[in-house]
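We have chain F; now place chain H onto it with these hints.
2 protein chains.
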Amino acid sequence: MSLDTNTRNNLLFQLGEILPEEYLLTSEEAIKPYECDGLSAYQKLPVAVVLPETIEQVQRITKICSQLKVPIVARGAGTGLSGGALPHEGGIILGLSRFNKIEKIDTDNLTATVQPGVRNLAITEAARPFGLYYAPDPSSQIACSIGGNVAENAGGVHCLKYGLTVHNVQQVTIVTVDGELVTLGSQTLDTPGYDLLALITGSEGMLGIIVEIVVKLLPKPHAVKVLMASFKKVEDAGNAVANIIAEGVIPAGLEMMDKPAIHAAEAFAKANYPLDAEAILLCELDGSEQQLAEQIETVSETLRNANADDIVIADSADEQARLWAGRKSAFPAVGRISPDYYCMDGTIPRKQIAYVLKRISELSEECGLRVANVFHAGDGNLHPLILYDANKEGELEKTEKFGADILTLCVEVGGTITGEHGVGHEKIDQMCVQFSPEELTQFFAVKNAFDPDALLNPGKAVPTLHRCAELGGMHVHNGQLPHPEIPRF
Amino acid sequence: MSLDTNTRNNLLFQLGEILPEEYLLTSEEAIKPYECDGLSAYQKLPVAVVLPETIEQVQRITKICSQLKVPIVARGAGTGLSGGALPHEGGIILGLSRFNKIEKIDTDNLTATVQPGVRNLAITEAARPFGLYYAPDPSSQIACSIGGNVAENAGGVHCLKYGLTVHNVQQVTIVTVDGELVTLGSQTLDTPGYDLLALITGSEGMLGIIVEIVVKLLPKPHAVKVLMASFKKVEDAGNAVANIIAEGVIPAGLEMMDKPAIHAAEAFAKANYPLDAEAILLCELDGSEQQLAEQIETVSETLRNANADDIVIADSADEQARLWAGRKSAFPAVGRISPDYYCMDGTIPRKQIAYVLKRISELSEECGLRVANVFHAGDGNLHPLILYDANKEGELEKTEKFGADILTLCVEVGGTITGEHGVGHEKIDQMCVQFSPEELTQFFAVKNAFDPDALLNPGKAVPTLHRCAELGGMHVHNGQLPHPEIPRF
Numbered sequence: 001m002s003l004d005t006n007t008r009n010n011l012l013f014q015l016g017e018i019l020p021e022e023y024l025l026t027s028e029e030a031i032k033p034y035e036c037d038g039l040s041a042y043q044k045l046p047v048a049v050v051l052p053e054t055i056e057q058v059q060r061i062t063k064i065c066s067q068l069k070v071p072i073v074a075r076g077a078g079t080g081l082s083g084g085a086l087p088h089e090g091g092i093i094l095g096l097s098r099f100n101k102i103e104k105i106d107t108d109n110l111t112a113t114v115q116p117g118v119r120n121l122a123i124t125e126a127a128r129p130f131g132l133y134y135a136p137d138p139s140s141q142i143a144c145s146i147g148g149n150v151a152e153n154a155g156g157v158h159c160l161k162y163g164l165t166v167h168n169v170q171q172v173t174i175v176t177v178d179g180e181l182v183t184l185g186s187q188t189l190d191t192p193g194y195d196l197l198a199l200i201t202g203s204e205g206m207l208g209i210i211v212e213i214v215v216k217l218l219p220k221p222h223a224v225k226v227l228m229a230s231f232k233k234v235e236d237a238g239n240a241v242a243n244i245i246a247e248g249v250i251p252a253g254l255e256m257m258d259k260p261a262i263h264a265a266e267a268f269a270k271a272n273y274p275l276d277a278e279a280i281l282l283c284e285l286d287g288s289e290q291q292l293a294e295q296i297e298t299v300s301e302t303l304r305n306a307n308a309d310d311i312v313i314a315d316s317a318d319e320q321a322r323l324w325a326g327r328k329s330a331f332p333a334v335g336r337i338s339p340d341y342y343c344m345d346g347t348i349p350r351k352q353i354a355y356v357l358k359r360i361s362e363l364s365e366e367c368g369l370r371v372a373n374v375f376h377a378g379d380g381n382l383h384p385l386i387l388y389d390a391n392k393e394g395e396l397e398k399t400e401k402f403g404a405d406i407l408t409l410c411v412e413v414g415g416t417i418t419g420e421h422g423v424g425h426e427k428i429d430q431m432c433v434q435f436s437p438e439e440l441t442q443f444f445a446v447k448n449a450f451d452p453d454a455l456l457n458p459g460k461a462v463p464t465l466h467r468c469a470e471l472g473g474m475h476v477h478n479g480q481l482p483h484p485e486i487p488r489f
Numbered sequence: 001m002s003l004d005t006n007t008r009n010n011l012l013f014q015l016g017e018i019l020p021e022e023y024l025l026t027s028e029e030a031i032k033p034y035e036c037d038g039l040s041a042y043q044k045l046p047v048a049v050v051l052p053e054t055i056e057q058v059q060r061i062t063k064i065c066s067q068l069k070v071p072i073v074a075r076g077a078g079t080g081l082s083g084g085a086l087p088h089e090g091g092i093i094l095g096l097s098r099f100n101k102i103e104k105i106d107t108d109n110l111t112a113t114v115q116p117g118v119r120n121l122a123i124t125e126a127a128r129p130f131g132l133y134y135a136p137d138p139s140s141q142i143a144c145s146i147g148g149n150v151a152e153n154a155g156g157v158h159c160l161k162y163g164l165t166v167h168n169v170q171q172v173t174i175v176t177v178d179g180e181l182v183t184l185g186s187q188t189l190d191t192p193g194y195d196l197l198a199l200i201t202g203s204e205g206m207l208g209i210i211v212e213i214v215v216k217l218l219p220k221p222h223a224v225k226v227l228m229a230s231f232k233k234v235e236d237a238g239n240a241v242a243n244i245i246a247e248g249v250i251p252a253g254l255e256m257m258d259k260p261a262i263h264a265a266e267a268f269a270k271a272n273y274p275l276d277a278e279a280i281l282l283c284e285l286d287g288s289e290q291q292l293a294e295q296i297e298t299v300s301e302t303l304r305n306a307n308a309d310d311i312v313i314a315d316s317a318d319e320q321a322r323l324w325a326g327r328k329s330a331f332p333a334v335g336r337i338s339p340d341y342y343c344m345d346g347t348i349p350r351k352q353i354a355y356v357l358k359r360i361s362e363l364s365e366e367c368g369l370r371v372a373n374v375f376h377a378g379d380g381n382l383h384p385l386i387l388y389d390a391n392k393e394g395e396l397e398k399t400e401k402f403g404a405d406i407l408t409l410c411v412e413v414g415g416t417i418t419g420e421h422g423v424g425h426e427k428i429d430q431m432c433v434q435f436s437p438e439e440l441t442q443f444f445a446v447k448n449a450f451d452p453d454a455l456l457n458p459g460k461a462v463p464t465l466h467r468c469a470e471l472g473g474m475h476v477h478n479g480q481l482p483h484p485e486i487p488r489f
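Chains as they are written, first to last, in UniProt numbering: chain F, 1 to 489; chain H, 1 to 489.
Chain F extracted, bound-state conformation:
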């Protein structure tokens, strides 16, 4: 898979002709920081790292790589959690960190035009003076780049009400693998032709290199309140989530934590969480004062009807910050109670939350690994944290197996193997569970339409049929495999 010497030399010579020295990294010392992304369990060194500054440079780089058949892995801030930016040992990393300009805040059309290397939070900061913000807020928003957000169709706490990245992007300009500049979407509501904007969103760097993005901005809500409800039964908390949505209230955020997560977070962040609860829900509501009053009434009643033990309403900014602090520090908090943890990411229909948590707890007992659950409940987006010790022999493998079982469980109940982290390198085998050979064949055909030589991020996101066959008929089609114990609501 690595490059032969001739091609390597030719590649570096040609790249050197178009890029200043500090834009082309080849020494092991210089490229070492690019060996992995946020999923650091997997590491590889690329042939070179290029850090272009202009669209023209990106076009030239892709043309050179196309001509020499050299793989290209695009990289934003490298915060991804599924190994989507893991280098290819025979290819280059195309880093977009120099594309860090906010080109325009358009207050009339409520959009921002930005380069892909701009940090997610920087867009909201730039829009703040105009009373506007960019809604999708992955927890890495202080560091992650908007280009990476588009490539992974990133989510976040507020995506329940305001949508995923795909719902908040209006136009994307890409450089194709053969160096052409193509604009997808438009500045208006709808665009004729096939919806290539949605297609590129979440395509994990496999269809083109994103070089400019127009995102939608929203007016900031007037006010915010946060409720915390505690439950004696996990099942009741799960049902409360579905019932709130069914009442027609879409909270700005609706998060759930189970007992192990509550205890870890409380020990770490002193958030005043109830230690006797089996589960808590955090519900953020936004809008005008009047809207808030009414939503709080509806949500409180729904929570009580779902057997909530206690409901706390945080009015002040301080109280709200304290309640969120526990949730936001849940990952590092879990890090304190276990040498290592593995964060999974799957999505299930809301009504299946109670059942899936029960099954995860059974799987946890079967394999002898603890698990803490912290997740975007409103979206049905689970983040089970599997606690393990990498220094114990065989425990990483046991953890990976447990993780894979959780993802298969998600698919079995009609869910999917990813909520917001993407497939990347991590979940490529689970794609064989999610999709049928016919569906994967259609993916290959689309890939081929953009990148016939498979040079863009090869080996990620979409497995070959051969790979799926090797894993052996794992396919479970949208939960249609008969599985008697799954409740069919």
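Heads up, a few of these hints could be off.
Stated by the list, open to error - Some chain H residues well away from chain F (every beta-carbon gap over 10 Å; in silico):
no., residue
1, 110
2, 121
3, 201
4, 247
5, 316
6, 328
7, 446
8, 462
As the list claims (entries may be wrong) - Keeping only pairs whose Cα atoms sit at most 30 Å apart, straight-line, the calculated DSBU-like set for lysine-lysine is:
no., chain 1, residue 1, chain 2, residue 2
9, F, 44, F, 270
10, H, 69, F, 447
11, F, 161, H, 161
12, H, 220, H, 101
13, H, 220, F, 216
14, F, 161, H, 220
15, H, 447, F, 63
16, H, 69, F, 216
These are computed hints drawn from the structure, not numbers from a lab.
All values reported here derive from a predicted model rather than from experimental measurement.
The beta carbon of each residue, even a glycine, is placed where N, CA and C say it ideally should be.
Same frame as chain F, but now just chain H:
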């Protein structure tokens, strides 16, 4: 382009083997009703019309057509306005009217599983007992089918707040051109892999045959109010639209009519519209009583600041119905004041409304044809109605030219050539204005990934580069052609 006798006979023989007699229409009398869709200016007779009842039949039909290289034009209720279901003279019409079952209303996950021939309004009717409804509401909703809605990414009055069809569809099952069954999307928030669900939505029957759809349902809003504001200047009305959205209020509907449309509608529907106004806005708000009170205050203030002459708030259902009656009857009302009219459909950034209406009025004077404007202002989705007389020689051609000029104008100000009617047969030449050769090439590649022999709805939606070249370098890239008189907000 028509079939040779051998292929035709072979086709009819094979179709006859798998379909009962009344499912396979071949006599001119039987197929005549399928010669056009809602754009009746264009008519063609297909070789045959098939009306399958099961997915298996659709699979067999596509396999037969694939093998014989016979074009397939899928058709729902035939209400489309861009000629997307115009038959191919060498192909078959695959009518989906027998796919008319609502398979499931899922009140837990707020979805409905329906066959493609189900009428749009029938979904809302079926969901009503559960306090739910399906949001996108094209004006043809009493007749149009949900399969056609997905194929055209249909809009409607309420799409400003609740999104287009693409935002309200969760899963679509298609039969590919070679007869494979493929499920796109899932029952959860996000799905791994390329976003083929968004890709199929709005693809105008060119990528696959839709055989099942899972749509999202919403809880019915508690209450509704309608405001009407009148303006002495069209420009002020246009600005008011942008300002309402910028205030953070997203009305359920925000419609605009200009003077000719007001006069025609008032004469027809007696809606109590102000005849001295240059423009009126109709604004529908929904939510709880408290939310409504607050939104009405914000909207009223914004309207006054934008120089609204008069604001009428319709509280009662009767008053509201009367205000909407004028808007809803605007098309037939215009039909009374002109022998013929041609309904255009383009989208522009909201801030460009005033400028574009001024230019349309100038173009109207230049070519001597009257125009009435009735449109989804909140979306920037224009529907200029060009008034003409088809019996006057050359007037249809002049009308088509005027219509094309309006669409080019939409693209010049950063808009698009369609809002909700699709490209179909009607606007295929304007696609050369909208997209560059590189962008069209990417469309071809995607088409090729689904339908390498171009059998699905050939000649629609995406023009060949050859055709664009014949029309002569018309390309204006997202308003980037220098055009000094266009205000750049």
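- List of violated hint numbers, smallest to largest: Hint check: 1, 3, 4, 7, 8, 9, 16 fail, others pass.
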